[in-house]
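For the record, the sequence lines run as chains A and B. Residue 307 in this note's numbering sits at position 307 of the first sequence, and the numbers go up by one each step. Residue 86 in this note's numbering sits at position 86 of the second sequence, and the numbers go up by one each step.
Just so you know, the hints here were simulated from the structure itself, not pulled from any lab data. Hints are not guaranteed to be accurate.
List of simulated lysine-lysine pairs, DSS-like, C-alpha gap at most 25 Å [as the list claims (entries may be wrong)]: (1) B:Lys126 to A:Lys156; (2) A:Lys155 to A:Lys335; (3) B:Lys175 to B:Lys159; (4) A:Lys156 to A:Lys335; (5) B:Lys183 to B:Lys126; (6) A:Lys155 to B:Lys159.
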Amino acid sequence: MPDALALLANAAGKLTREGLRVTGRGATALPGLVALTVDPDFISALSSALPHGVVCVSGTNGKTTTARMLADMTRIAGWQPIHNRSGSNLDRGVAAALLADASWSAEPRGDIGLFEIDEASLPRVVQRVRPRLVVVTNLFRDQMDRYFELDALAKKIADALASLPADTTLVLNADDPLVAGLALRRDARTIYFGVDDDAVGGTVPQAISDATRCPRCRSPLRYERVVLAHIGAWSCDSCGLARPARDVAATKIVLGSTGSELVLGGPIAGVFEAVRVPIPGLYNVYNALAALAAARALDLGLTDAIGALTSFRPAFGRLETVDFKGRTLRLVLVKNPAGFNAAIGALLETGRRPHLLAALNDRDADGRDVSWIWDADFETLAPSVEHAVITGERSRDLALRFKYAGLATERLEVVDDPSAAIERAVGDAPEGAEVVVLATYTAMLGLRAELARTGAVAPFWED
Amino acid sequence: MDLRIAHLYPDLMNIYGDRGNVIALAQRAKWRGLAVEIRPYSVGEWTDADWPDVWFFGGGQDQGQDIVGADLGAKNGAALRRAVEQGAAIFSVCGGYQLLGHEYVPEDAPPIAGLGILDVTTRAGKRRFVGNLLADSPDGQLIGFENHSGRTYLGDRAKPLGTVLVGNGNNGEDKTEGAVQGKVIGCYLHGSCLPKNPWLADRLLAWALGRRHGDVRLEPLDDRSEQAAREQATAVARARP
């Protein structure tokens, strides 16, 4: 039974939520902030009543998609997840999700908490909720103005995980040395996922790598295979640390323009039929493997979990498609070099010359430092671009990046008004063609608001 | 005519998008018809330290900076000093800038020796300076983004690169940003710096080419996109420092 303070926090948060909804605004964070102001322990007060416990999904890229895949898997098993599915992933977003699914007497109407957590907030949140499962997808440089240095962030997360009780299971990406390194100081159950298809990735380390050194002894790492940045088959010649054995692995992957087919292997996977991941890109294969590994850690049936994947629908800006004036807009949220490179990799695999609408903002949620675009591999993208319309509050920086990557001026157009930019990008693409929208978080919100105004998409918070 | 660019520790000192500075130097040389070669210089003994016309040295994480500091403490540091004496130019940002100075003084540990190529000293600060950075100089304004906790103070031989208009710059106290000494520049401007400050890129190019080719007149380029990016970034810096 929640205590009086939690009841008060719940009521205050719910009233805020009702107020926002009556006035037609989204309620993905503010009600949570109100509840946490009244009762800082609000999250643990409510989540401790969840019979199947709490799962935290974190990492730089892929957490929204992974959490949504896992939510679908729990629903097929008959569970009712409470999930911050809007992607509002600071502790206020978690509190808001709990509020949305709690009765006025502060009892959750659900049986498992499924929380996507911002990686910088993860150390604090895991102390509050004592999760049953912590899933970490990957760690890349991201928004340096907010997260600062990656090594320091990884250390903070490892410290927090080391302090969790032994009954917390970790689900980690074996192919990411920074993520696999998170378990070094824990003596508890850890489930690893990874890619075991030797045909995936190259042998040459990529230009921008965030973890060229061993997480244990700091000697240079050796890679037999590099998938993306520092993700791959790694080992340390000096101390002998190597990529952990994969409990859930993709042993064969066929990438396609609308999705991927993979064969699963590994001791707790054990089915050898093809699994379909219905959104393109190798990074979404990793997301699917993370979700499947988490489902196995929760003792959900693998066949059901694979079935849930097949009908998966992508989240806001995660390769979501929108029909608009006879063209298909494919919305791709980009916020850091690794995510950008993965997205353009998926884009170029289709073999088409993309029509682009690219938008760069520099608000807090985007990262205030736009330097990261110089780490992203525009040089690979530029030669294939048919036409690019550039918009956003830092449109000129983005246009300059394309110029230095070699995109011809006649293929490049800056249009500051977002509505006009959409019109222009669509106008430049032939009927039936796809326009790829690459945008940072608040820039994507802005573009999506324009599309909502025309009725092409539902407003964000009703998703 | 050709240009030789060295990228110092690209595997360890590469976190703030500073790679754009190498891209800018290379492209602005190529657009003028020059042949350009870029070589990485990382941990382990260099055999061709007399090759580069210009060295780029970016910012890194603490771990990377420790490894690089140790590497420069041996033969490679002496080789870099000699290269500067023989006319090579250096452009450094953030961690690279600090390592070119005399020393870095942590809060509660012994000082870490730098190369002393620049007459500057850096001390650890408590608050991190994170935000847009706009500075003025006789040759033009400088726009970028700073993200550092070190406080850098200039000695007599180093001259400030600019005067801070928005942000903190070298130390948040004396309104200076960056340092120039001979053909060596250090600064706290990420962004990347050189694409949005093309006048500075061209100065470095002229210095670099001067090493082997004498006085070179650089043809002006069409910098309208650069100018537009400067104006937009400057407006953002003034509105949201």
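Against the structure, the hints come out as follows:
Under the criterion of a C-alpha separation no larger than 25 Å, the hint pairing Lys126 of chain B with Lys156 of chain A is consistent with the structure, at around 19 Å. Taking the CA atoms of Lys155 of chain A and Lys335 of chain A, the gap is near 22 Å; set against the 25 Å cutoff, the hint holds. At most 25 Å may separate the alpha-carbon atoms for a hinted pair to count; Lys175 of chain B and Lys159 of chain B meet this at roughly 13 Å. A distance of roughly 22 Å separates the Cα atoms of Lys156 of chain A and Lys335 of chain A; the hinted pair therefore holds under the 25 Å criterion.
Only pairs whose Cα atoms come within 25 Å are accepted, and Lys183 of chain B paired with Lys126 of chain B is rejected, the gap being roughly 32 Å. With a C-alpha separation of about 38 Å, the suggested pair Lys155 of chain A and Lys159 of chain B falls outside the 25 Å cut-off, and the hint is violated.
The structure fails to meet hints 5, 6 from the earlier list, while all remaining hints are met.
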